[in-house]
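Trainee: Here's the letter readout for the chains.
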Amino acid sequence: MSVNEMIEFIAALLILVGSIMAVISAIGIIRFQDVYSRSHAATKSSTLAVSLTLSGVFIYFLVTESFFSVRLIMGIVFVFLTSPVSGHLITRAAYRSGVKMTDATLEDELADVIWKKEHQVDETKEDTNDSSSNRNEVLE
Amino acid sequence: MVETMLQVSLTLFGVAIVIALYRIVFGPSLPDRVIALDMIGVNLITAIAIVSVILNTKAFLEVILILGVLAFISTIAFSKFIEKGGVIIERKRDD
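Which chain is which? The protein sequence lines are A and B, in order.
The first sequence begins at 338 in my numbering and counts up by one.
The second sequence begins at 792 in my numbering and counts up by one.
I should point out that these hints are in silico values taken from the structure, not numbers from a laboratory.
Computed from a predicted structure; not experimentally measured.
For every residue, glycine included, the Cβ atom is placed at its ideal position computed from N, Cα and C.
Heads up, a few of these hints could be off.
Just a few of them, taken from the derived set where beta-carbon distance is under 8 Å, the chain B residues facing chain A [what the hints assert, rightly or not]:
hint: 1; residue: 811
hint: 2; residue: 835
hint: 3; residue: 841
hint: 4; residue: 842
hint: 5; residue: 850
hint: 6; residue: 853
Simulated crosslink set (DSSO-like; lysine-lysine; CA at most 30 Å straight-line) [stated by the list, open to error]:
hint: 7; chain 1: A; residue 1: 381; chain 2: B; residue 2: 871
hint: 8; chain 1: A; residue 1: 454; chain 2: A; residue 2: 437
hint: 9; chain 1: B; residue 1: 875; chain 2: A; residue 2: 437
hint: 10; chain 1: A; residue 1: 453; chain 2: B; residue 2: 871
hint: 11; chain 1: B; residue 1: 849; chain 2: A; residue 2: 454
hint: 12; chain 1: B; residue 1: 849; chain 2: A; residue 2: 437
hint: 13; chain 1: B; residue 1: 849; chain 2: A; residue 2: 381
hint: 14; chain 1: A; residue 1: 381; chain 2: A; residue 2: 437
hint: 15; chain 1: B; residue 1: 875; chain 2: A; residue 2: 454
hint: 16; chain 1: A; residue 1: 453; chain 2: B; residue 2: 875
hint: 17; chain 1: A; residue 1: 453; chain 2: B; residue 2: 849
hint: 18; chain 1: A; residue 1: 437; chain 2: A; residue 2: 453
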């Protein structure tokens, strides 16, 4: 077994571990209770699965064909940057549009903050009667 | 050995996509479905990378970047739609 075959085997092992992580995160997607914990399962472990698998593919092409693929590195960096952002945005949209939490939730501190902010905005709305700018304040 | 491992991992990615498809069909709310769609896009990226290893070609590596950009943009558009009721033009929602 030469050195190239060993590195090739390591790359295939990275790909296999990444696919196992993907299956674990898929199990998390069907087993968790509400949107917020499901997004926890979907974003974090999917990012790990993609990073492991694309690293394995990159090592494989580097060893077998001595091909340095810039596209694969760009893919890894792009998924690594954008997956937490999209997870945060979709969870924020879910909270703002009023998706219910599970019954096992103990405390919701964000509700107090948002309710207080809207209450203050309502008070200023009564003073100035300018509803459009206040609506933008609530959304931002 | 390496060939078998690659085929097994491709099968596992197919299993993950099928499980996420269950969440898309039976998901109780719209953000559930969007999260599962985002996960399908990410899994599709890696499945295409493994296919390009198995077929021993470099032609599919551009598809990875395109799919990554598309999955990200679609998730951003869906979240903006859910939160504000419009993607480009803002509409007022009733609730």
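Trainee: State for each hint whether it applies.
Mentor: Going through the hints against the structure:
1. 811: holds (6 Å)
2. 835: Since the shortest Cβ distance to chain A is 10 Å, the answer is violated.
3. 841: holds (6 Å)
4. 842: This interface hint is violated because 10 Å lies over the 8 Å limit.
5. 850: With a minimum Cβ separation of about 11 Å from chain A (threshold 8 Å), the hint on residue 850(B) is violated.
6. 853: holds (6 Å)
7. 381(A) / 871(B): This hinted pair holds, its Cα atoms lying about 21 Å apart.
8. 454(A) / 437(A): holds (20 Å)
9. 875(B) / 437(A): holds (18 Å)
10. 453(A) / 871(B): Roughly 23 Å between the alpha carbons, so the hint for residue 453(A) and residue 871(B) holds.
11. 849(B) / 454(A): It is violated: about 53 Å lies between the C-alpha atoms, which goes past 30 Å.
12. 849(B) / 437(A): Not satisfied, since the Cα-Cα distance of roughly 46 Å exceeds 30 Å.
13. 849(B) / 381(A): holds (28 Å)
14. 381(A) / 437(A): holds (22 Å)
15. 875(B) / 454(A): Roughly 18 Å separates the two Cα atoms, so the pair holds.
16. 453(A) / 875(B): holds (20 Å)
17. 453(A) / 849(B): violated (55 Å)
18. 437(A) / 453(A): Holds: residue 437(A) and residue 453(A) sit about 19 Å apart, inside 30 Å.
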